[in-house]
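Trainee: So the sequence lines, in the order shown, correspond to chains E and B.
Per my numbering, the first sequence starts with residue 1, numbered consecutively.
Per my numbering, the second sequence starts with residue 114, numbered consecutively.
The hints are simulated quantities; they were obtained by calculation from the structure and are not laboratory data.
Do not take every clue at face value.
Stated by the list, open to error - Among the chain B residues that face chain E by a calculated CB cut under 10 angstroms, a handful are:
#	residue
1	V117
2	Y146
3	E215
4	S221
Built from N, CA and C at the ideal position, the CB exists for glycine as well.
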Amino acid sequence: GESVGLHLPTLSVQEGDNSIINCAYSNSASDYFIWYKQESGKGPQFIIDIRSNMDKRQGQRVTVLLNKTVKHLSLQIAATQPGDSAVYFCAENTRASGSRLTFGEGTQLTVNP
Amino acid sequence: DTGVSQNPRHKITKRGQNVTFRCDPISEHNRLYWYRQTLGQGPEFLTYFQNEAQLEKSRLLSDRFSAERPKGSFSTLEIQRTEQGDSAMYLCANTQGSTTNEKLFFGSGTQLSVL
Numbered sequence: 001g002e003s004v005g006l007h008l009p010t011l012s013v014q015e016g017d018n019s020i021i022n023c024a025y026s027n028s029a030s031d032y033f034i035w036y037k038q039e040s041g042k043g044p045q046f047i048i049d050i051r052s053n054m055d056k057r058q059g060q061r062v063t064v065l066l067n068k069t070v071k072h073l074s075l076q077i078a079a080t081q082p083g084d085s086a087v088y089f090c091a092e093n094t095r096a097s098g099s100r101l102t103f104g105e106g107t108q109l110t111v112n113p
Numbered sequence: 114d115t116g117v118s119q120n121p122r123h124k125i126t127k128r129g130q131n132v133t134f135r136c137d138p139i140s141e142h143n144r145l146y147w148y149r150q151t152l153g154q155g156p157e158f159l160t161y162f163q164n165e166a167q168l169e170k171s172r173l174l175s176d177r178f179s180a181e182r183p184k185g186s187f188s189t190l191e192i193q194r195t196e197q198g199d200s201a202m203y204l205c206a207n208t209q210g211s212t213t214n215e216k217l218f219f220g221s222g223t224q225l226s227v228l
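The whole structure should be built from the sequences, with the hints applied where relevant.
Mentor: Structural data, given as structure tokens:
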């Protein structure tokens, strides 16, 4: 079936480095993508989103890249800080699925001081 | 703080008991969603409301589960005759508009443990 998944379950980086978290999706009809950050004991927190008519979008210290040809999504975090340590989920939506967001399994990002 | 409030934060119950969770969304956001999340997994969609109307339900929502949103404001999720497999984090989320492709704002969830 259609799914959204992540390449790596864990990522460990040094403070100040840039982080890249990847996500592969299989539904070619997906037209909206979101990255969420989830800290322990909390709900997912919106980071950044991108629609399928774009291939790049930037926020504060974060950039999302979308490659529709290979159905790949990535989240880049610049100058990673200890507070960025969390689980990161990509999620996708299609108009055919109504309002449901489909989430991947998550990547645990650990930032070492 | 997203403005979505859920309570209780934690609930421990014995198998076979009924439990009810409450979600108080951002007041002006008219779509409300319930998701379930187990350890190490992403949230899974359960159901959603447009104002007071329940418009979609996942196959995950067995007949032991019922959700309501009277008056289109707060929502409750009830699980009857709980089973150990119901142990999970139950998340409520809100979105502002009435179209698809919108970001969800999540509450902190209710962690349910069924013994």
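Trainee: Return the status of the interface hint for E215 (chain B): holds when the least beta-carbon distance to chain E is below 10 angstroms, violated otherwise.
Mentor: Holds, about 8 angstroms.
Trainee: Against chain E, run the beta carbon of V117 (chain B) and see if the smallest gap drops under 10 angstroms.
Mentor: 8 angstroms, holds
Trainee: If you take the shortest Cβ to Cβ gap from Y146 (chain B) to chain E, is it below 10 angstroms?
Mentor: 7 angstroms, holds
Trainee: Interface hint check: S221 (chain B), Cβ to nearest Cβ on chain E, cutoff 10 angstroms. Holds or violated?
Mentor: 5 angstroms, holds
Checked against the numbered hints above, the structure violates none of them.
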